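> Letter by letter, the chains look like this.
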Amino acid sequence: MTDLVIETDSLRKEFVSRTGQRRVAVRDLSLRVPTGGVHGFLGPNGSGKTTTIRMLLGLAGATSGTMRLFGEPVPHHLPQVIDKVGAVVESPKFSPNFTGRQNLLLLARSIGAPDTKVDQAIETVSLDGRERDRYKAYSLGMKQRLAIAATLLKDPALLILDEPTNGLDPAGIREIRDTIRTLGASGVTVLLSSHILAEVQQVCSSATIIGNGRTLASGPVDELIGAGTSHRVVVPDPAAAQAALTAAGFTVTTADGHLLVDAEQPAQITRALGAADIWLAELTPVRADLETVFLELTSGDTLGGDR
Amino acid sequence: MTKLLLVELTRLRWRRAVLVLLAVCFLVPALVWGGWMWNTRPVSDADLRQAQAQVDEFRNDPSLQREIDRCVQHPRQYGVPSGADEATARELCGEMMGPTLEMYLYREQLDVAQGRIDTGAGVITILIGLIMLIGTTFVGHDWNSGSMSNQLLFEPRRIRVWGAKALIVFGVGLVTSVLALAGFWAATAAVAAHRDLKVPPGTWDLIRDSALRGALLAALAGVGAYALTMLFRSTVATLGIMFGVSVGGSILIAVILQEHAQRWMLYNNVYAWLFDGLDYYDESLCRGGFSGSYSGDGNECMAHLSQSAGAQYLLVILVVSVALSVWSFRRRDVP
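From first to last, the protein sequence lines are chains A and B. If you're matching positions, the first sequence starts at 1 in the working numbering and goes up one per residue. If you're matching positions, the second sequence starts at 1 in the working numbering and goes up one per residue.
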């Protein structure tokens, strides 16, 4: 049994247009999602997130590279693990003339789940009362909830959610995020694909950032953000402090009446200033948000991948 | 696989367009049957009275009387032997020009044997078209709505998904066609018995065989339409192909194959399969061909298309469609 729920190596996907032009959507992508928690899958639009997910789920074939789900190579062994994987890929896709319940019943019966499971899933996503309405009469939020209900029919150990809050109103977004957090806390591994940085920062414990079909960074969200951490230093004599810190090897920038110092640990700053007999009035860690990291990492990426 | 078959059967039952088409599969043959029975109904007393009234009315028409007078005066001009006395000449002229009761009572009798190869073939053709529509609309909806990808997230073995849907289209198509044709011919048999009509021996066996072959053909045609929709992922594309083949296919074959075209016409092969072979006119076999110096009796221009040759022709079309469809569904990305 591996600790990785999702594992890809050198994954590549090329599309060939009708005119014969090749477009690389995913190139040498290595994605590792550990068991448990909510893992963010971040990237700008067109960076290859959905294509990667579709390859993992067998909806699209990889040009080259390997993929594993629960340690099993996919797509060859996908039937052996698909019962443990719930997924919403892009927008929800159901038969518009069937009711929400009918749509779920067909999916549930295809895996031999009892009809009561459908009612439970409907209740979990708060669609009870509207389950006998036709799908086409649902709001976007209700459609998203129905799609999440469909994933719950399997009792999944892995949930793959591709932009699940797209098009939702603020209340709907909060509901979906709460649901994701709850699922993540209950032991289900969630892969949350999103280009909304705040969402990933709020919900995810770890993340992978991709751009242009490549992995740019991966790890716990705190570490990803921490990589860009600096400290706000307020001292009576900023010029003297800057000189002392620069001499000690720190990168220092001056700001409006204070200094910004890049350092892994604040103690390193106090030690250097103390040695120069300069005493701190204020030392505050300034944490970069995920947006800063994301923009730094993905700067220069073009939408739609290489051509 | 059983689970999947039941799911696909449920999906088909819940699809309203399919239900409407299934109803039409029974309604249209019923209408055709009703029209056939009405047009061959026996002459009733009321019909007889009406015909007699029409004969009387026409006989009393002054223009007819004038014409009879002219005939009596110039019998040879009217093909009546001259030399007869006036009363005989008037009677002969009246018989020749005057209306008879039969003229107003002419109606074809119900001919079950002939009905097998004209009305029966028509009903089978209608059923083939309708079952094809069921096949294409059933799965076209999955592609149009995008729900196919959702289905594959629950059953990623694509061949099984393809096969389950195809089996349901085939099964529903076969049962529907068998029931519709059985109802059609059972009702015809009942009417024939009620009218005391003599049906040539062996006719009902021929009808049973043709109907079963027709039902099988309709079901397989449904699978063919389903396969094309899975290949093109669009109901509209399949309907376009069906329309194109039915309208332009014959023209194209005629242009390409010219005098040998009849062998390869779709309808001739269907006909050969349904009715134990087909004798068709092939100009290339005529003495003299296109030279214009033809002097035969016509028999040498007839070619025979056997039932097995017709079946092979249709089977090749089906196998090619299915193979392409399965290959495409297995290999191509699903949106």
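Hints listed in this document are in silico derivations from the structure and should not be mistaken for laboratory results. Computed from a prediction, not measured in an experiment: that's the story for all the values here. There's no promise every hint is true.
Claimed, not checked - Mimicking DSS-like on lysine-lysine, the simulated pairs with C-alpha atoms at most 27 Å apart in a straight line are:
no. : chain 1 : residue 1 : chain 2 : residue 2
1   : A       : Lys-117   : A       : Lys-84
2   : A       : Lys-136   : A       : Lys-117
3   : B       : Lys-198   : A       : Lys-84
4   : B       : Lys-198   : A       : Lys-117
To be verified - Derived Cβ-Cβ restraints for the label pairs, each shown as a range:
no. : chain 1 : residue 1 : chain 2 : residue 2 : range
5   : B       : Leu-19    : A       : Lys-136   : 54 to 64 Å
6   : B       : Asp-209   : A       : Thr-66    : 50 to 60 Å
7   : B       : Ser-328   : A       : Thr-124   : 30 to 40 Å
For each residue, glycine too, the CB sits at the ideal point set by N, CA and C.
> Where does the structure disagree with the numbered hints, that is, which hint numbers, in rising order?
Result: hints 3, 4 and 5 break, sorted rising.
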